[in-house]
Each structure stands twice: as C-alpha cells, then as structure tokens.
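First to last, the protein sequences are chains D and C. This note's numbering numbers the first residue of the first sequence as 5 and each following residue consecutively. This note's numbering numbers the first residue of the second sequence as 5 and each following residue consecutively.
One or more of the hints may lead you astray.
When chains are identical, the list treats them as one kind, so a pair holds in a single copy or across two.
Said to hold, decoys possible - Heads up, simulated DSSO-like pairs for lysine-lysine below, C-alpha to C-alpha not over 30 Å straight-line:
(1) Lys261 - Lys118
(2) Lys261 - Lys279
(3) Lys60 - Lys118
(4) Lys118 - Lys279
(5) Lys60 - Lys161
(6) Lys161 - Lys261
Hint data in this document are derived by calculation from the structure and do not stem from the laboratory.
Number of protein chains: 2
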Amino acid sequence: MVSANSLDPNLTEFDLSAYLEERRPQVEAALDAAVPMQYPETLYESMRYSLLAGGKRLRPILCLASCELVGGNPAVAMPTACALEMIHTMSLIHDDLPAMDNDDYRRGRLTNHKVYGDDVAILAGDALLTYAFEHVATATQGVPADRVLRVIAGLGKAVGGEGLVGGQIVDLASEGNPDTTLETLNYIHNHKTAALLEIAVTSGAILAGATDDQVQHLRDYAQRIGLAFQIVDDILDITSTAETLGKSIGKDVAAQKATYPSLWGLEESRRQADKLIDEAKAALDSFGPASQPLRAIADYIVARTY
Amino acid sequence: MVSANSLDPNLTEFDLSAYLEERRPQVEAALDAAVPMQYPETLYESMRYSLLAGGKRLRPILCLASCELVGGNPAVAMPTACALEMIHTMSLIHDDLPAMDNDDYRRGRLTNHKVYGDDVAILAGDALLTYAFEHVATATQGVPADRVLRVIAGLGKAVGGEGLVGGQIVDLASEGNPDTTLETLNYIHNHKTAALLEIAVTSGAILAGATDDQVQHLRDYAQRIGLAFQIVDDILDITSTAETLGKSIGKDVAAQKATYPSLWGLEESRRQADKLIDEAKAALDSFGPASQPLRAIADYIVARTY
Numbered sequence: 005m006v007s008a009n010s011l012d013p014n015l016t017e018f019d020l021s022a023y024l025e026e027r028r029p030q031v032e033a034a035l036d037a038a039v040p041m042q043y044p045e046t047l048y049e050s051m052r053y054s055l056l057a058g059g060k061r062l063r064p065i066l067c068l069a070s071c072e073l074v075g076g077n078p079a080v081a082m083p084t085a086c087a088l089e090m091i092h093t094m095s096l097i098h099d100d101l102p103a104m105d106n107d108d109y110r111r112g113r114l115t116n117h118k119v120y121g122d123d124v125a126i127l128a129g130d131a132l133l134t135y136a137f138e139h140v141a142t143a144t145q146g147v148p149a150d151r152v153l154r155v156i157a158g159l160g161k162a163v164g165g166e167g168l169v170g171g172q173i174v175d176l177a178s179e180g181n182p183d184t185t186l187e188t189l190n191y192i193h194n195h196k197t198a199a200l201l202e203i204a205v206t207s208g209a210i211l212a213g214a215t216d217d218q219v220q221h222l223r224d225y226a227q228r229i230g231l232a233f234q235i236v237d238d239i240l241d242i243t244s245t246a247e248t249l250g251k252s253i254g255k256d257v258a259a260q261k262a263t264y265p266s267l268w269g270l271e272e273s274r275r276q277a278d279k280l281i282d283e284a285k286a287a288l289d290s291f292g293p294a295s296q297p298l299r300a301i302a303d304y305i306v307a308r309t310y
Numbered sequence: 005m006v007s008a009n010s011l012d013p014n015l016t017e018f019d020l021s022a023y024l025e026e027r028r029p030q031v032e033a034a035l036d037a038a039v040p041m042q043y044p045e046t047l048y049e050s051m052r053y054s055l056l057a058g059g060k061r062l063r064p065i066l067c068l069a070s071c072e073l074v075g076g077n078p079a080v081a082m083p084t085a086c087a088l089e090m091i092h093t094m095s096l097i098h099d100d101l102p103a104m105d106n107d108d109y110r111r112g113r114l115t116n117h118k119v120y121g122d123d124v125a126i127l128a129g130d131a132l133l134t135y136a137f138e139h140v141a142t143a144t145q146g147v148p149a150d151r152v153l154r155v156i157a158g159l160g161k162a163v164g165g166e167g168l169v170g171g172q173i174v175d176l177a178s179e180g181n182p183d184t185t186l187e188t189l190n191y192i193h194n195h196k197t198a199a200l201l202e203i204a205v206t207s208g209a210i211l212a213g214a215t216d217d218q219v220q221h222l223r224d225y226a227q228r229i230g231l232a233f234q235i236v237d238d239i240l241d242i243t244s245t246a247e248t249l250g251k252s253i254g255k256d257v258a259a260q261k262a263t264y265p266s267l268w269g270l271e272e273s274r275r276q277a278d279k280l281i282d283e284a285k286a287a288l289d290s291f292g293p294a295s296q297p298l299r300a301i302a303d304y305i306v307a308r309t310y
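For reference, chain D alone in the conformation it holds in the complex (with noise of 0.2 Å):
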C-alpha cells in the first residue's frame, strides 16, 4: 500500500490500495460493456482478448479521478475513460507486432497477434483506435457537445504525430544509435508515455468543465508523473524479473535502446523520478485535499515494481 503524501499535515491517509480496487471493477465492467462480442467474431474476440486482458487501467482511472476532483459526476468521464484504454491497448497491440517490437507476450500472455495473426492483430487496432473516437461521441451524455469535441481533439493530438505514434517513429529511428540524447530520449517519452497520461488527466477535468487554470495545474501534474513512469519503466527493465513484470525484460539493453538508465545510471535515474514526482504533487497544492487519489497515483508510480 501507498501512502499519500505524509509531508502535508492537510492529508488525512488515504487508503490507494482499496480506491484502486473500487475503481478498477467499474472500469473493466464499463469495457465489457462497450465492446460486447458480434459478427464478425474473429474481430471483436481478438478487441476483447487485448483489451479485457487487465493491466492497471491507469489511465481511465485517472480519467475519472480528475473529473471528481473538479466537482464533476465521474460517469460523464467513463465513455472517455474507455476510449483511453482502447487507444493504449491499440498501441500495445501494433507495437508488439514482428513489423515493430515483436513481442510474443504481453501481461503473461501471448500478444494478440502471436493468437490471431498479424492481419487480425493490425485490423483490432484499428478499430479499437475508431471505436475510441466513436465511443466518446456517441456514449458521452449529459455534458455540452463543444466539451466532448474538445476531448476528442485533445485524444486525436495524443495518439497521432504529435503524439504517441510521433514518440514511436522517433524511438524506432534511435534504436541501435549509441548517440541518441537525453533531448531525443525525452521526446520519446513525452509523446510515447505522457501525451496520453496528460489527456487522461485533462480530459477529465475538461468534462467537468473546469476553468483553463484548472487543466493547466493538471497538465503540469500529468507531464511529470508521464516522464517519471517512463523512468521508472527503464528501471524496472534492468531490475525487474520477467516473472514479476509478466514481459520480456532486458530487451531495452538486447535492443541497444537508450534508456534513462543508460544515460544517468540507476541512482539517479531515481533521483530524477522521485523529483518529478514532488514536483507533479505540487502542481496539485491548490486543489486542497480532493487531490488526495492524484497525489497517491504519484506516488505509487515510482513505488511501483511491476
């Protein structure tokens, strides 16, 4: 169990363990709903067999997470928590494909297309990456139109070339080049990681209708708390067994990938990750207490080991 920030004498505990566990449930529940099984079968099961694969559900929970924290219901937020696991299991799923990482598992299991085939594979990321737009549209109720057109805008410029497939065509580009920079590194990481965990954080908030300030606060959160999880995930790579992270590991040092490891060692690479953490709770210090889950998700994601 993480703690929430016990420096802050504001803060009551604040039990993340159990608010996880609550939330997760709904979200895996509200998925299920979303992408029920139809003709064509080979399709929807393929969708399903990735996206009901469990995993944190980080993203839809933090969706919801800044919803509340702004005042809003978060059952407005949950079609667009959905669509934010569609989008990062779509990236999952043609990120393992031979084409790019070739990944034979993925959670422990086998990765969709070492099950479906690489045209299924390619063909269920593509329409959970449609569905997710089409969800938020059309499932969205009870918030004004010119609000879900912002999201989607928002999702769009996360996913696309200024966001995570930007991020992964530059990795791609730096693989096996001993040169790449810490600049390089962090543009990566900051379109392949945090776009999206920013408008997860934001888009939230903006179904709430908070103020411009309000998302600018989040925003400041969400980018930090993307490029320590980044970190963190370089850690564990060299740290980490397969067993406890159920991928493969040390493929990062196979693949002769720059790492943030690999540029500042492991010791300050925590360092690093520990700073961007205070620094993304700060962000937080005018929304009082009701920041409580935010600052908690901060913290776990540098205790993390899996």
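Based on the hints, put chain C in the right spot on chain D.
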C-alpha cells in the same frame, strides 16, 4: 465525359469532367495544408506519400457535393472531406501490408511499406486514422458542435468493426473459400466500400443541416452507388489491363476470392450495377436539378474504366 441522366427533361447537360477537375485540386490543396511536413519527418513523409498520391478523390467530392445539395457552403464540409480521404488512405496503406494483401504497387507507384518499411507504414496509417477525427473536431468552422459530433460518430461507425474493418475481416476469412455466398459477398462490400461512401454522402448534408428525410434519401443513394462501385471494381479486375488500372490485376482470381462476376458472370454483373445506379438516381428525385452532380457521379461509377 459522362452526361447527366438524359431521360429527365428537367436536367440540362452537366459537365462532370469539368466539375471534377474543379473540385479535385481544391481537395488536394486542403489535404496538403491539413497534413504539412513537420518533425518527425519520416512519419509525415510517409503519410503525405500516400495521402497526396492522386486518386479520384471521390469520397471528398461526394461530401462537398451533398453539402451544397442541401444549401450548405462546401467550405464547412472541407475538413470532413479531408478526413474521409485520410481514412480511405489509411485503409489502403494497411491493406497493402505483407501481413494483409501484400501489394507492391498502388496507383502506379510503390506501396507505402515498400518505400518506408512495414513499421512506418503501420504507424502512418494509425496517424492518418487518428488525425481524421482530430481534424474534423478542430477544423470544422461555423457548424453547431452537436452536428460535428454526429459526423464523428458516423465516421467511426463507417471505419470500425461495424464498417470497413469488419468487412475486411470477413473478406480475409473468405479468401480461398469457394463456398462464399452472395450474402457474405454483399456483407463484405457493404462494409468495406459502401459504408465509407455512405458517410461521405451523408456527412456533408448533416453538416449543412439536412432534415432526417434528406439524409435518408442520400443514404439510399450512397448504399447503391457503393455496391455498384464494387461490382464494377470486380469487373475491371478481370477485364482491365494493369497499365490502365495502375495496380496489380487478376489478383482476385489468383487469391481465389469470390467476386460478383464469379457468382453472376460478367453480363449479369454489369446488369446489376446498372440497376443499382438507376435506383441510386431515383433516390435523389426529391432534390430536383440540384442533384445533377450526384447523378452524374453515379453514372460515372459504372462508366469508368479505371
């Protein structure tokens, strides 16, 4: 040149060639501006290589025409017109991949993955698909937000498991199966081809504030030209030359794919296409002479040789 329906005394001669020649460069310029070169260049080069590779631009032109048909300014539909072409291009890039149809040539040029590699081609498709939704959400001007959301929902449905991707999955599963039924063949093409044409035609009208009745007539029109389009494609795969078509021909036969000519023979296939086009034009009767462009495009679909 194809003339408008000469049986209708209310219609004066309509110069479709001139109409298409005027519209096509407008669409090309809008596409060029919508996806400018930027970092990371490899990604944007790859996206632009396929997006700006010519083609008939039929879907964008149908979208602009239906917007005008119900009294709208075509400028309000241009972002959606571009999105339709981004989606169409994404589907071609992913379809051509070795894991799918494994095509080396498209529109007389090397396919995207032959130039940029499978990994970049997958990501360029993902980025185009994503940007289609983002572009509609951010660039559509002077239209109530709820109409824009309706178009985004319609685009999603036309592309995902209930549209293009669903049709592609059933198509892949039917390859080499000599028992493919007419019902399955219709499913494939209603989803792979007609669904995107349908949202192309209806979206322009929705943005312009069409009534439900008007949208329904346009849907009837689009479904029929969509199926006729595919029947003609199947006919051309047999009767055309590679030079005229700019892509590999006879591939359907080689892949043992069921086609309309293989089920009906060439003569009956032509008759069915003609019948669908007559029905498509009849669905436009209530629009009067303003429907000339859409009628002429219907005629063009059966008359085309490439």
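A quick look at each hint next to the structure:
no.	hint	verdict
1	Lys261 - Lys118	both (24 Å within a copy, 25 Å between copies)
2	Lys261 - Lys279	within (24 Å within a copy, 59 Å between copies)
3	Lys60 - Lys118	within (22 Å within a copy, 38 Å between copies)
4	Lys118 - Lys279	neither (39 Å within a copy, 45 Å between copies)
5	Lys60 - Lys161	both (23 Å within a copy, 28 Å between copies)
6	Lys161 - Lys261	within (26 Å within a copy, 39 Å between copies)
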